[in-house]
Amino acid sequence: MPRKTSWASVNDQLTRYLFIGCAVLVSLVILSILWFVGQQGLATFRHVTPLEFFTSSRWNPDRGQYGILTFIAGSIGTTFIAIVLGAPLGLAGAVFMGKIAPSSLRSLLRPVTELFAGIPSVVYGYVGIVVFVKIIRKTTGSATGFGLLAAGLVLAVMILPTIISISEDTLRALPDSYEEASMALGATRWQTIWRVLLPAAKPGILTAVILAMARAIGETMAVQMVIGNSPLFPHSLVTPTSTLTSDIVMEMGNTPYGSTWNDALFMMSVVLLLISLALIILVRLGIQKGEAK
Amino acid sequence: MSAYKGDGVILMEDKIVVKNLDLYYGDNQALKDVSIVMPEKSITAFIGPSGCGKSTFLRTLNRMHDLLPNVKILGRVLIDGQEIYSPDMDVVQLRKRVGMVFQRPNPFPKSVFENVAYGPRIHGEVRKHRLNETVEQSLRGAALWDEVKDRLHKSALGLSGGQQQRLCIARLLAVEPEVLLMDEPTSALDPISTMKIEELVTVLKQKYTIGIVTHNMHQASRISDHTAFFLNGELIEADDTGVLFTRPADKRTEDYISGRFG
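Residue numbers (the UniProt record's numbering), protein chains in the order written: chain G, 1 to 293; chain F, 1 to 262.
Keep in mind that the hints are not guaranteed to be accurate.
[Claimed, not checked] In the DSS-like style, the derived pairs of lysine-lysine whose C-alpha atoms are separated by at most 27 angstroms in a straight line are: (1) F:K205 with F:K41; (2) F:K149 with F:K110; (3) F:K41 with F:K19; (4) G:K202 with F:K154; (5) G:K99 with F:K72; (6) F:K196 with F:K207; (7) G:K99 with F:K110; (8) F:K72 with F:K32; (9) F:K110 with F:K128; (10) G:K202 with F:K110; (11) F:K128 with F:K154; (12) F:K205 with F:K154; (13) F:K41 with F:K207; (14) F:K128 with G:K202; (15) F:K32 with F:K207.
[To be verified] If you want the ones that stay clear, here's a sample from chain G, every Cβ over 10 angstroms from chain F, calculated: (16) S27; (17) V29; (18) S57; (19) G118; (20) S121; (21) I135; (22) A187; (23) M252; (24) Y257.
What the hints contain is simulated information worked out from the structure, not anything from laboratory work.
No experiment lies behind these values; they were computed from the predicted model shown.
Beta carbons: idealized from backbone N, C-alpha and C, even for Gly.
Isolated chain G (complex conformation) (with noise of 0.2 angstroms):
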């Protein structure tokens, strides 16, 4: 049989190459934001005990204190405030968008909803100031009314298109053939939403969790604007704290490059780097468990 290349075949080749180069360069990309970021940041421990660094709560740079461990607790704090108010919020926003709204309000809700995804950070920080913070203020007794309580309000209402998005989506990609059985076994409707379709969307609704989780720990400008930036432990939720992002964003322009004030920032960064990842390795975990069901 001869042997003929024909045009298709090269093509196909070429289209391969080009999807593998495309594929080499993004790695390339993330490997080298990793080693450059995690390289700054380790050389913190040359003046500084991986110790003192994250169980210290002590940030005082000019005395050569450098402990992050209020920033971490301001970030875990924050994110966990957004997901207790905001998870069964968004999810009853999705139950109600996809299983209980007639399509014409659900045609309606449904851009709304992805609109509030697309307002940027600082317009939600700016509603926090003039909103939240205000409540807090009177309501509380606070001085400033800055603290994680207004931040994690303000997140609670940024990471809801993310939960409500997917959540719905999980929702309705489940079979009609669910709601039917069980509408057919006598149910009601709450019935059949609360132990049939909820339970099966189970791993669905645990991504949107996580990924809203994600959103609201790396979430910076919103969070600076209402967190009140003053690196002094959460005692309360409504004292003047600080988070990993908010106090890199305030810090990184005014630190000398290669400092140990500087170099603590870039191993903040790590920090939260390996949270963001910790979170995308849970959310595969999820997907593959409830894949094997």
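Use these hints to put chain F onto chain G, whose structure you have.
Showing chain F alone in chain G's frame:
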């Protein structure tokens, strides 16, 4: 023949009586003036070509059309003499009494046990030993117990198609219905699973009133006591199965059962 057409007196053994039923999907009329009677503890088969309205008709009997928008239903459906489309009818109670098995097996993504226990649970049963009893009885009733008793707590999605369909029947039996509606229950199954379901259905008729939609005329003649033939949304003819398949009154019925169309 007209005894099954529902134009006579309502007899005690008439479990379901349908009178002048019309159904519209939007502007499209899917059922035209259907009147029929389904006697208690017997099997009524609904046959006819695809799109003739037989499945649509079956779904009117437990108000499954309520789940869809733009469906309009006129006429009367009486079960035990009770108007099921009257405004004060409790649809949840109705569906508990009139259960349905679907064309494709549709177990929930839960364990075998939880699938069967679902019905009793939603109707308020919480006692563990009662649930255990009901699950075993129902699985035995659906001729599935011996095959699944060692894997009750594994996912129902791991069962074969035929087992899944019998599981769906068991799930239905667990809510103790009076009427079983089956919408082409064997069309997605292989011949052996089909045979098992057919045997099961003939056993179940001792306790339940059964309505079964089928594409398979042999199935209808094998298992049913009465057969109704639908064409283009109209009920052409309904009679004892033996009579309908040997001496049909209508030319169209004869053409269909002799395979001249459909």
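Indices of hints not satisfied (ascending)
Numbers 12, 15, 22 - these are the hints that the structure violates, sorted from lowest upward.
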